[in-house]
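Residue numbers (my numbering), protein chains in the order written: chain F, 1 to 205; chain A, 1 to 222.
These are computed hints drawn from the structure, not numbers from a lab.
Fair warning: there could be bad hints in the mix.
[Said to hold, decoys possible] Selected chain F positions facing chain A (in silico; Cβ < 7 angstroms):
| hint | residue |
| --- | --- |
| 1 | Phe-22 |
| 2 | Ile-25 |
| 3 | Ile-86 |
| 4 | Leu-130 |
| 5 | Leu-182 |
| 6 | Val-183 |
| 7 | Ala-185 |
| 8 | Met-190 |
The structure displayed is predicted, hence computed values, not measured ones.
Glycine included, each C-beta is placed from N, C-alpha and C at the ideal position.
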Amino acid sequence: MKELAVIFFTMILVDNYVLVKFLGICPFLGVSKKLDSAVGMSLAVTFVMVMATAATWPIQTFLLTPANADGTLKWDMGYLQTIVFILIIAILVQLVEYILKKFIPALYKSLGVYLPLITTNCAILGVTILNIDNGYNFIESIVCAAGAGIGFLVAMVLFSGVRRRVEQAVTPKCFQGLPITLVAAAVTSMSFMGFGGIVDAIFGV
Amino acid sequence: MNNKLKVLTNGFLAENPVLRLVLGTCPTLAVTSMASNGIGMGLAATFVLVCSNIVISLLRKVIPSQVRIPCYITVIAGFVSVVQMLVKAYLPDLDKALGVYLPLIVVNCIILGRAEMFASKNGILDSALDGLGMGIGFTFTLVIMGSIREILGAGTWMAGLGTLVPALPADFSVQVIPASIDPFTIMTSAPGGFFVFGVLMAGATWLTTRPKKAAAVEGGNA
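Input sequences plus hints: build the corresponding full structure.
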């Protein structure tokens with residue numbers, strides 16, 4: 001239980017995907033202008049992250065690189081990882097879109113535009129591959145994916161507040177728009193550096 | 001001929017994929033803590049970009065437009081797997097340095113973006129040139145950003161180039177700032193990435209929105 005909590009909070013505060021690992025920067029810069037769209041996008045991303053991990057982990061473990069009892073591989077098709085994972089994510093996003101459209105039309109409407117964009121969000125492919133690389137088991141992978149999603153949400157919500165202030169500020173002409181936003185992101189990211197080691201200290205690992 | 005040249009050089013500054021079109025920001029920020037990583041990442045992405053542009057341009061009349069995005073992604077993922085296997089086999093150090101960002105070339109929006117915006121509408125030669133130009137622009141930006149961050153953050157330049165170029169010694173690096181001066185380490189970590197990217201983007205905006213005045217001045221001097 002403690003290990004799971006450590007993974008979860010590390011993903012949110014210390015290894016934040018957006019501000020520390022630079023994954024999912026495109027939606028971070030594109031959709032963080034307004035608070036409600038930032039929250040909607042983050043929730044959709046979190047959902048797809050968890051679903052994608054739940055789908056890719058068994059495929060990697062049982063289909064691509066199944067292991068014998070003594071740890072040797074029955075066969076190694078690990079080189080197919082990239083192609084298989086991105087196709088699964090694309091299918092999943094499509095599926096989520098259909099299901100939401102049919103059963104929860106209100107949520108579909110509020111997320112509509114952002115759903116197809118999630119396929120090319122590198123944080124999703126990133127979390128599925130990193131879970132395999134880190135050797136997490138199934139439960140740990142799911143917790144890690146949920147933590148990454150919540151971390152994305154925290155970063156988006158915090159940054160949409162910073163951005164509202166930045167947009168009212170007077171900036172040099174060539175800095176207007178994205179450049180000053182990136183400088184503001186640097187400051188936000190610096191504040192997350194302060195969380196280094198906090199999770200280990202709290203849980204006494 | 002002039003037209004072909006324009007297609008090629010478009011990606012250098014006027015339509016620089018990173019600084020002007022703001023595509024492919026994740027790898028730009030993530031791998032540029034060292035200039036040599038920028039070269040490796042840039043070349044890998046250029047290879048995928050040129051190959052996928054050629055194939056997609058060849059197939060542009062075959063792929064139905066409703067399912068074009070999944071088709072493009074499959075083509076791109078195929079070439080990324082090729083690059084992954086080549087890098088793992090011949091440049092294992094680069095593979096370690098780029099880590100998860102190497103397979104993530106699949107979702108690099110530069111590649112899908114150029115497939116959608118250019119290769120699906122233009123001939124093979126133009127598409128190949130466009131891919132090459134965009135790739136060079138991408139590599140160039142990565143190297144500049146990597147150089148700034150590495151020189152300020154670690155005091156060295158091109159450390160790790162020895163693992164890319166066999167002719168150089170493995171521990172090749174240029175000491176730019178004397179080792180006795182404490183490096184500005186925040187530049188190689190996450191905030192420095194965002195900051196240098198923001199400043200470079202402002203610089204590119206300044207360079208491309210200012211030209212009329214500057215061209216007149218240069219012309220006057222000549």
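Here's how the hints hold up against the structure:
no.: 1; hint: Phe-22; in the structure: 4 angstroms, holds
no.: 2; hint: Ile-25; in the structure: 4 angstroms, holds
no.: 3; hint: Ile-86; in the structure: 5 angstroms, holds
no.: 4; hint: Leu-130; in the structure: 6 angstroms, holds
no.: 5; hint: Leu-182; in the structure: 3 angstroms, holds
no.: 6; hint: Val-183; in the structure: 4 angstroms, holds
no.: 7; hint: Ala-185; in the structure: 4 angstroms, holds
no.: 8; hint: Met-190; in the structure: 4 angstroms, holds
No hint from the list above goes unmet by this structure.
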